[in-house]
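S.K.: Knowing the structure of chain Y, use the given hints to seat chain A with the ligands on it.
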Amino acid sequence: MSATTAAPAQTTKTGGLLATIANNARQYGIVGALLIIVVVFQILTGGVLLKPNSFVSLIQQNAYVIILAIGMVMVIIATHIDLSVGSLVAFIGGICALLMERQGVNWGLAILISLLVGLIVGVWQGFWVAYVGIPGFITTLAGMLIFRGLATVLVGESVPITSESFRGIARNYLPNVLGWWGPFDGLTIVLGVACIAAFAWSQLHKRIRAQRVGLVPEPMSLTVIKIVVAALAIGFVTYLLASSGNADQGGTPIMLVIVGVLVLIYNFILTKTVFGRHVYAVGGNRKAAELSGINTRRVDFTLFVHMGFLSAVAAVCMLSRLASATAQAGMEFEMDAIAACFIGGTAVTGGVGTIPGAVVGAFVMGVINQGLSIMGVDTAIVKTIKGLVLLGAVAVDIMSKRKKR
Amino acid sequence: MNDMTPLLEIKDVSKRFEYVEALKSVNLTIGRREVVALVGDNGAGKSTLVKIIAGLCQPTSGGLVVRGEPVRIGDVRDANALGIVSVFQGNELCENLNVAANLFLGRELRTGCGIRDENAMVVRARAVLDTLSSSIQVGRPVASLSVGQRRIIAIAKTLLSEPDLVVLDEPTDSLSVMQTAEVLEYTRRLRAEGRSVIMVCHDLPDVFAVADRIAVLRQGRIIAVHETCETSYEQILAEMAGIVDEDADGRGDESDGVPAGGAVGYRIRVGTSRRLIERRGEQSGLPV
Ligand SMILES: Nc1ncnc2c1ncn2[C@@H]1O[C@H](COP(=O)(O)OP(=O)(O)O)[C@@H](O)[C@H]1O
Ligand SMILES: [Mg+2]
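Which chain is which? The protein sequence lines are Y and A, in order. At position 26 of the first sequence the residue is numbered 26 (UniProt numbering), and the sequence of numbers has no breaks. At position 171 of the second sequence the residue is numbered 171 (UniProt numbering), and the sequence of numbers has no breaks.
Among the hints, a few may not be true.
[To be verified] The list that follows gives simulated cross-link-like pairs (lysine-lysine, DSS-like), each with its CA atoms no further than 30 Å apart:
#1 A:K11 to A:K24
#2 A:K11 to Y:K287
#3 A:K24 to Y:K287
#4 Y:K272 to Y:K401
#5 Y:K383 to Y:K51
#6 Y:K272 to Y:K287
Because the hints were derived from the structure by calculation, they are not lab data. These numbers were taken from a predicted model, which means no experiment stands behind them.
Okay, chain Y solo, but in the shape it has when bound (with noise of 0.2 Å):
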């Protein structure tokens, strides 16, 4: 009796590390591919895609990408979608411009009255998809030709920035204030420590709590290799930072640092809040959400404002960037964020994707991006090559759950 009931017991445990991961095939799966295609290019481009200077400006150039499929990621998993946030951010970046060079704002002034106005386009497009029921894809692709048409009548040929300071967002580090470990930036390696300290925290966590209210957690084995695997990552990452920079600074770029922030306050409020549970329930079946007595017109007004809100960060990073406003800056990123989110396995059809997982799709298409780059590959083909691994992404994935079927 005990042995017949202890064996089942006994498969169950072994098979439950690899049921969890094919369960969850898609994320282990993007992560896989991220770490083959990492791989790949650097030898293709003989060790230089890693090297720490390298890696820097590799973060620095995605920045705006991540940032936009922050919010992105949020609007489709609501089954909506926004074209117009490319245009925003040559708008927004525009306004903040001439602010700053026209009417000699000061530049954190300037940064704040952007976000505002960010806000207050996301009110407009929310206003429209929310409370008057145009979808999403029509309200922003008239956004996308709006904001694009003003972007190009405030901005004319270009506005150049002149703030030290605010070019200084994009190009800096943060201060070395605990001094040159040997060769490496004693915050950034600080700062490494903690984040793999903190990961290994929540997941273990994240266990505990499972078990206290009596819900099955993840095999051990698996939340010990994450641990592991996110470590190393981690550490690796923190190595190329801390000896990055050149001889006056280095270390932790500030972009990282803003695209780190809003990485893990939205995914806080996606995975932990009300209104996250809202937006995926919205996006899984509005029709149960509306009967669940959920504001779904709510959720989904608030997904545009927070769009628009991230849209305007974006605008700030990447004018801090090129130093200069210009009517065609922003072009296409709405597909470049749109990609990320689908190649970190963000259903097509709404209810599923993760800000971590869209986090990984914008790296994957920038390390490709940079790689082929790095090989002087050109530009017109590096587009073709990102079109077919956003193709075959989604197809895989479609594919695998047609399978499980």
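M.R.: What follows is chain A with the ligands alone, placed relative to chain Y:
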């Protein structure tokens, strides 16, 4: 508040859709602590009445009075605020969320500042499912549940708040015998707890098993309201089919493509088998 004021009064409610008059001056009073069954053929307007009570659609004329106060129930949240919760036809659940998340959808427990209290919800969800003697695991994705299990989840949702009136649209439809018994038991329990229930149902044995009163709806009109103990299957069936009360306004406004001869068809079957009525199946889902 006077305990004698009825819980809900439906006053002269009419509902006109583009081509169909789904409800025609419906008057019905729901007292406290009673189970009222709403029976009627497909297309009689039962779901429409339920949706009006639940706030999903607005009457074209007439209105609702809750606890003596005229009210406007603009949406599901208004209804919930008045202590009215509903289980609609079609078990709308979010496939991408698990059982506990679906149970608490729209009324998530929170630790404050809009942060969910996931632990409390899991514990509470399990307790609620236990009371329905259901062994569904709260962490399971809803996508993996059977129709009957989904219905249990939909019904369990009503147990999470402290409603005064629970409105159930075809709660036993497509359930197994055991599950049906569970739902009927649940209905009785609601009454024992001092709540009222409006139950839309096709299945007369189920109706007679739990209802205190039976309201018969036919072509958008309340044909009769009976105390359950003073009526019979035959009488109810005849009224549903329109045999007793030959409609004065003729069949010109026959609602949703039910052939005019439909009622005649029933005349032959009345008293022989209620199954024939069941088999006609549900035609109207829950329009958006
Ligand atoms: N949203 C709607 N638009 C138009 N007609 C409707 C709508 N909802 C219900 N009806 C019509 O109203 C009548 C009553 O429908 P319903 O209340 O669903 O009946 P029951 O639930 O009793 O089967 C039917 O003729 C149906 O076709
Ligand atoms: Mg119905």
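S.K.: A separate judgement is required for each hint: does it hold in the structure or not?
M.R.: Outcome of the hint check:
| no. | hint | in the structure |
| --- | --- | --- |
| 1 | A:K11 to A:K24 | holds, 11 Å |
| 2 | A:K11 to Y:K287 | holds, 28 Å |
| 3 | A:K24 to Y:K287 | holds, 27 Å |
| 4 | Y:K272 to Y:K401 | holds, 27 Å |
| 5 | Y:K383 to Y:K51 | holds, 24 Å |
| 6 | Y:K272 to Y:K287 | holds, 23 Å |
Checked against the numbered hints above, the structure breaks none of them.
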